[in-house]
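A.B. asks: The residues making up each chain are set out below.
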Amino acid sequence: MSISYTKFLVVMRKELREALRDRRAMSVLLMMVVLYPVILWFALHKMIDLSSKGEHENIKVMMIGGVQTPTLLDRLKQKNVEVTAHTDMSDGEITELLHKHEYVAVIKISDKFTDNYTAMRPARIELWMDSASESQSKLRRVEGVLNAYNNTIAGARLLAHGVSPAILSPIQLQYYDTATNASRSVQFIGALLGMFFVTAFIFCMNTAMDSTAGERERRSLEVLLAQPVHAFSLTIGKWLATAALSVVGLALELLVAHFMLKWMPLEEIGMSWRVSLPMLFGMIACAIPLCLFAAAFEIALAMNARTFKEAQTMMSFALFLPMMPAIVVPMLDLNTATWMYVLPVLSNQTLLIEVAKGQNVGPLPYVLTIGSSLLAAALAAGFAAWRLRSEKYVLGV
Amino acid sequence: MIQVDSVSKRFGNVQALSGVSFSAQDGKTTALLGPNGAGKTTLLRLLIGLLQRDHGSISIDGKDPAQDAIAVRKNIGFLTDQFGLYERLTTREHLVYFGELNDMKRQDIDHRVREVTALLAMDDIIDRRAKGFSQGQRVKVALARTLLHSPRHLLLDEPTRGLDVMSTRALRRTLAALREEGCCIIMATHVMQEVSHLCDDVIVIAKGKTVAQGTPSELCERTGIANLEDAFVSLVGTDEGIVA
Numbered sequence: 408m409s410i411s412y413t414k415f416l417v418v419m420r421k422e423l424r425e426a427l428r429d430r431r432a433m434s435v436l437l438m439m440v441v442l443y444p445v446i447l448w449f450a451l452h453k454m455i456d457l458s459s460k461g462e463h464e465n466i467k468v469m470m471i472g473g474v475q476t477p478t479l480l481d482r483l484k485q486k487n488v489e490v491t492a493h494t495d496m497s498d499g500e501i502t503e504l505l506h507k508h509e510y511v512a513v514i515k516i517s518d519k520f521t522d523n524y525t526a527m528r529p530a531r532i533e534l535w536m537d538s539a540s541e542s543q544s545k546l547r548r549v550e551g552v553l554n555a556y557n558n559t560i561a562g563a564r565l566l567a568h569g570v571s572p573a574i575l576s577p578i579q580l581q582y583y584d585t586a587t588n589a590s591r592s593v594q595f596i597g598a599l600l601g602m603f604f605v606t607a608f609i610f611c612m613n614t615a616m617d618s619t620a621g622e623r624e625r626r627s628l629e630v631l632l633a634q635p636v637h638a639f640s641l642t643i644g645k646w647l648a649t650a651a652l653s654v655v656g657l658a659l660e661l662l663v664a665h666f667m668l669k670w671m672p673l674e675e676i677g678m679s680w681r682v683s684l685p686m687l688f689g690m691i692a693c694a695i696p697l698c699l700f701a702a703a704f705e706i707a708l709a710m711n712a713r714t715f716k717e718a719q720t721m722m723s724f725a726l727f728l729p730m731m732p733a734i735v736v737p738m739l740d741l742n743t744a745t746w747m748y749v750l751p752v753l754s755n756q757t758l759l760i761e762v763a764k765g766q767n768v769g770p771l772p773y774v775l776t777i778g779s780s781l782l783a784a785a786l787a788a789g790f791a792a793w794r795l796r797s798e799k800y801v802l803g804v
Numbered sequence: 007m008i009q010v011d012s013v014s015k016r017f018g019n020v021q022a023l024s025g026v027s028f029s030a031q032d033g034k035t036t037a038l039l040g041p042n043g044a045g046k047t048t049l050l051r052l053l054i055g056l057l058q059r060d061h062g063s064i065s066i067d068g069k070d071p072a073q074d075a076i077a078v079r080k081n082i083g084f085l086t087d088q089f090g091l092y093e094r095l096t097t098r099e100h101l102v103y104f105g106e107l108n109d110m111k112r113q114d115i116d117h118r119v120r121e122v123t124a125l126l127a128m129d130d131i132i133d134r135r136a137k138g139f140s141q142g143q144r145v146k147v148a149l150a151r152t153l154l155h156s157p158r159h160l161l162l163d164e165p166t167r168g169l170d171v172m173s174t175r176a177l178r179r180t181l182a183a184l185r186e187e188g189c190c191i192i193m194a195t196h197v198m199q200e201v202s203h204l205c206d207d208v209i210v211i212a213k214g215k216t217v218a219q220g221t222p223s224e225l226c227e228r229t230g231i232a233n234l235e236d237a238f239v240s241l242v243g244t245d246e247g248i249v250a
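Those protein sequences? They're chains F and G, same order as listed.
Just so you know, the first sequence maps onto residues 408 to 804 in our numbering.
Just so you know, the second sequence maps onto residues 7 to 250 in our numbering.
It should be emphasised that the hints constitute simulated quantities derived from the structure, not laboratory data.
Treat the hints with care, since some could be wrong.
What the hints assert, rightly or not - With a Cα cut of at most 30 angstroms, we get these calculated DSBU-like pairs of lysine-lysine:
no., chain 1, residue 1, chain 2, residue 2
1, F, Lys799, G, Lys213
2, G, Lys215, F, Lys799
3, F, Lys799, F, Lys764
4, F, Lys484, F, Lys453
5, G, Lys80, F, Lys799
6, F, Lys799, G, Lys69
7, G, Lys137, F, Lys716
8, F, Lys799, F, Lys669
Remember, it's a predicted structure, so these values are computed and weren't measured experimentally.
Pulled out of the complex, with its shape left as it was, chain F reads as follows (with noise of 0.2 angstroms):
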């Protein structure tokens, strides 16, 4: 049988130009390039502001019956906390107040504290709080505060009865904290970043469907079938067309998160993204496959489809297949695996974290990424020429 193998190329620039024409298409790869990276920023943008929000402002806490606790609001002072004194309220009040955000808490010291504070008997504080407030490090400043009135309080004690209130720290614990900016940051940006592999899946979904089911809801498959063209060839060449957007749109919005996150002042949140340009164009390299994958994939699903309505519904639900293990592995909070670098847009995902790392994981997770989306490349690929070529396909078409 005569088979031109330059073909796929004819088919390839003409799905191509046409792509290039679709401004659904287009307009859905521009959106997706700048999208995710925004939804990166602004979530970044906000732990930052929190952060810096966090050191300068005051903290404000209501105290009822602070008049017996002259020392304490002292130290409340010192530890840059706003007091606001108020007489006794009621339960229902105080919640009232708590949530309305404007004070972290209200410490209410009861009427008996001086008497039971003389006699040293435990003179009762009240800490009332909101504890699904986002003010939870606030109040653990203010917590801190009342831990250390009560250690010197029980150190003076302990001091006057000739006792030294070392006795009260058996122990001394230090904390030596070895994870490092990058290692520190990149658990929370690579579960962010995980998300970009997945829309490898969604760059090239338009023209996957156009020109599978679009071109049977337009009746021009026959005869391009009926065409000296080998199914495999326009196959071959549709299938590159298609993964060639989506190559182009995830180097663009990881080029595009890359220099975010360089531009941002992630120090302010102890953070840093220390990958380099030519590390970056490395992940992208070993994506090329998993866009192939996706491209296949879609275009063995989406031939099916009699129109494209049909083929978008298809797609809605089919995309949940690769998403899955993206989203529900680092759910689980796993320690970094072999297997991972099986699994497609996990293993790029898992991968780019190691590397963002700084880990050196060596040749192993590099093979594995590429070849397993290959392999299910060729295979959705595969299938899509044998569909093609087969008499029940032709006869629906």
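Starting from the known structure of chain F, fit chain G onto it as the hints suggest.
C.D. replies: Showing chain G alone in chain F's frame:
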């Protein structure tokens, strides 16, 4: 020259064709006449190698589409009843695409594009994108695409369906010119007027079998009926699927 001998094709429980035989000569237009569901489209798809026959033989200039579909298709222009176009491509881009798929060189394509543009009088749409084309304009593009690689054989599946008078006449003129050039044209149709105007030979198939083959006048003689339409009804035993 297309020769078909005792071809049969079965889809599951449906016997689409059960022994079709005929021959279509070069320089002649052969009508493929039959009621709906007689197997006309199946037959055309077998000829072009999109489907594989169960029994019988097909020869198109000595080549078998089951053996070498690609080689057979190079010499066939196939026009379906659907004139599907790529909305975002211009007429010229359509033609270049199909020319390249047919292994034509770029300069040959340019040359032929000029020829078919003149033949079908479509200068006004040659560089326009297909979106918004009228039915007549679509037919012209589809026909230009079919003729571009100067095929020796033309397979047309109800080519005049949905065409206005002007387009139908343009199509008929084109087919007459191609017949003069020695093309072998097979045309599946329902339109009797077309058969008597255009076709030299008629093949009547019904229920997957060849019922009769001959010139329109021979068919009339054979049935003893002067009117071709009545002759056809008498041959297939039903008047289903005829347009006067």
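A.B. asks: Each hint: holds or not?
C.D. replies: Hints, one by one, checked against the model:
1. Lys799(F) to Lys213(G): holds (21 angstroms)
2. Lys215(G) to Lys799(F): With Cα atoms ~23 angstroms apart, Lys215(G) and Lys799(F) stay inside 30 angstroms; holds.
3. Lys799(F) to Lys764(F): Roughly 51 angstroms separates the two Cα atoms, so the pair is violated.
4. Lys484(F) to Lys453(F): This hinted pair holds, its Cα atoms lying about 28 angstroms apart.
5. Lys80(G) to Lys799(F): Cα-Cα ~24 angstroms, so holds.
6. Lys799(F) to Lys69(G): With Cα atoms ~24 angstroms apart, Lys799(F) and Lys69(G) stay inside 30 angstroms; holds.
7. Lys137(G) to Lys716(F): Holds, at roughly 19 angstroms.
8. Lys799(F) to Lys669(F): violated (54 angstroms)
Going down the numbered hints, you'll see the structure goes against 3 and 8, while the others check out.
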